[in-house]
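Guided by the hints, dock chain B onto chain A, whose structure is given.
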Amino acid sequence: MNAWVTSLRAIVLREALRFIHQRERLIAALVRPMVWLLVFAAGFRAALGLSIIPPYQTYITYETYIVPGLCGMILLFNGMQSSLSLVYDREMGSMKLLLTSPLPRGWLLFCKLVGSTMISVLQVYAFLAIAAGFGITMPGWGYVTVLPALLVAGLMLGALGLVLSSLVKQLENFAGVMNFVIFPMFFLSSALYPLWKMAESSELLHDICAVNPFTHAVELIRFALYLQFNGAALGWTCLAAAIFTGAALLGYDPARTRMGRKT
Amino acid sequence: MIRIAAALALMAPAALAGEIWVTNEKDNTISVISTETLEVIQTYETGERPRGIIFSRDYSRVYICASDSNAVQVMDPETGKILHDLPSGDDPEQFVLHPNDRHLYIANEDDAITTVVDTETRKVIAQIDVGVEPEGMAVSPDGKIVITTSETTNMAHWIDTETQELFANTLVDSRPRHAEFVKDGTEMWVSSEIGGTITVFDVADQSEKAKIAFEVQGVHPDRVQPVGFEFTAGDSHAFVALGPSNHVAVVNAETYEVEDYILVGRRVWHMDFNADRSLLFTTNGVSGDVTVIDVAARKAIKSIKVGRFPWGAAFRPTN
Chain A
106 MNAWVTSLRA IVLREALRFI HQRERLIAAL VRPMVWLLVF AAGFRAALGL SIIPPYQTYI
166 TYETYIVPGL CGMILLFNGM QSSLSLVYDR EMGSMKLLLT SPLPRGWLLF CKLVGSTMIS
226 VLQVYAFLAI AAGFGITMPG WGYVTVLPAL LVAGLMLGAL GLVLSSLVKQ LENFAGVMNF
286 VIFPMFFLSS ALYPLWKMAE SSELLHDICA VNPFTHAVEL IRFALYLQFN GAALGWTCLA
346 AAIFTGAALL GYDPARTRMG RKT
Chain B
46 MIRIAAALAL MAPAALAGEI WVTNEKDNTI SVISTETLEV IQTYETGERP RGIIFSRDYS
106 RVYICASDSN AVQVMDPETG KILHDLPSGD DPEQFVLHPN DRHLYIANED DAITTVVDTE
166 TRKVIAQIDV GVEPEGMAVS PDGKIVITTS ETTNMAHWID TETQELFANT LVDSRPRHAE
226 FVKDGTEMWV SSEIGGTITV FDVADQSEKA KIAFEVQGVH PDRVQPVGFE FTAGDSHAFV
286 ALGPSNHVAV VNAETYEVED YILVGRRVWH MDFNADRSLL FTTNGVSGDV TVIDVAARKA
346 IKSIKVGRFP WGAAFRPTN
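Protein sequence lines, in the order shown, are assigned to chains A and B. Counting from 106, one number per residue, gives the positions in the first sequence under this note's numbering. Counting from 46, one number per residue, gives the positions in the second sequence under this note's numbering.
Chain A on its own, in the form it takes in the complex (with noise of 0.2 angstroms):
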């Protein structure tokens, strides 16, 4: 038991080590949402429409309506960014140092998961800092109910991360990630607008969007910064993150994959 704790504590440190030394990492995490909260919202800000939606119980500025969706943003990135340095690592080899640990694959992969989703997590909340220093704040108590909203879309995230760094083989290849997850996952969902708008355009684009999982963590992060629970969104974001995990464990099998055919 105490050389799973010891893992846990290891793999953790090292991921919050890692983020620590990379300061420009952390700029950058902040400044991507920023920018968005600042510049694009504020042109954006009359376009959103009006229609009080839950959980909102009166009329919102667009700059508050893009919160919830800018915390996924920094959640799906860091995801992204975690499975970035799995492939480093592998490439390195200092991956194939961590799997050889005698403990199961299954637990030092979680390990990964809990230490990337750490990171997040607290650059969620420097974000929520800064944009409460520009006047977009939420209920008091929502920053302390949004914490296990966030750690679950979190760990969602990052296992989607963790399936993808188990398919791509090379660094190179990660530009492709970009473009066929990261930027359909995050503009296709209500991150940026409500579903009833998407449904305005497009009732396919709606359908998208409602089945796609980012949409459900963004939707559990904004009812959790309103004091609000929302099960379907914590549902359809827990069977992600299983599905995610599940793809990730099997990605990451040595007898399954091209990776343990190689090692």
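Mixed in with the good hints, there may be bad ones.
[Unchecked claim] Below, simulated DSS-like cross-link-like pairs (lysine-lysine); rule was C-alpha separation at most 27 angstroms, straight line: (1) A:Lys302 - B:Lys344; (2) B:Lys254 - B:Lys71; (3) A:Lys302 - B:Lys347.
Quick caveat, the hints were computed from the structure, so don't treat them as lab data.
Then chain B, alone, in the frame of chain A:
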């Protein structure tokens, strides 16, 4: 000690209990909102196109300008029954109740007159010629002066309530909509919808004291149209409805500076406070709802669906 605290805790919310009565211009109804639950608890039928609404001093009667019925209706707020109509002149829009609790001063938009009605004898006691399309009405706390603003003449008309005659006319910016006396009647404020300003007058000599302009970020200036406004406890701040800009401005009544803008529903028109003035209820005509603003936090906390085109709002304590 605990018992006293418990009793006080029980008494505190009861002391603040009340309702906001909202006239729905297109539905010919009044929606009654509880200031505790922030929900519509009752809907009453009225005459056609209800707009201005005001309670008698003891809250036993509610007066409603039923504009298209050309009448001021008197309703029993306990039952919602229309007791009788008062003669009002054509197209009554806004009115004020004199501090004597008896005389209603009514703006007759189509006739360019202000009609004075005695609510006891139910008779018109005076009709005063004012500018074209009178709308905004205000009465000084001592009851000596009544103001009528005329939308097309762009003037505030000062009426001496003893003689029922005009004693001054002052120019304001385009389409004045609403007027209020503040600071114990030493100042009088008039909002100008098209001009986009509020003009502050010194009541002593009817001279212009200040002019307040508004600028909402991201909203075209043409859409920033001040209409109704109300003052917080102690007249320290004014909350001003800015019409189709969908914002309420918070104005410091000492410095005349705009301190904040609060997003509310579409085409915000009039408003009223709850008992302790901690909550403000704004009528949003186009979106058909009432937005509740936390006055201390200066934040909209909820929007409540009412009838179509809510217009006027008036508070009534329920205990």
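Hints, verified against the model:
1. Simply put, Lys302 (chain A) and Lys344 (chain B) have alpha-carbon atoms about 25 angstroms apart, close enough for the 27 angstroms limit, and the pair holds.
2. Taking the CA atoms of Lys254 (chain B) and Lys71 (chain B), the gap is about 38 angstroms. The hint is violated against a cut of 27 angstroms.
3. Between Lys302 (chain A) and Lys347 (chain B), the direct Cα distance comes to roughly 21 angstroms. Compliance with the 27 angstroms bound is thereby established for this hinted pair.
Violated hint: 2 only; the structure is consistent with all others.
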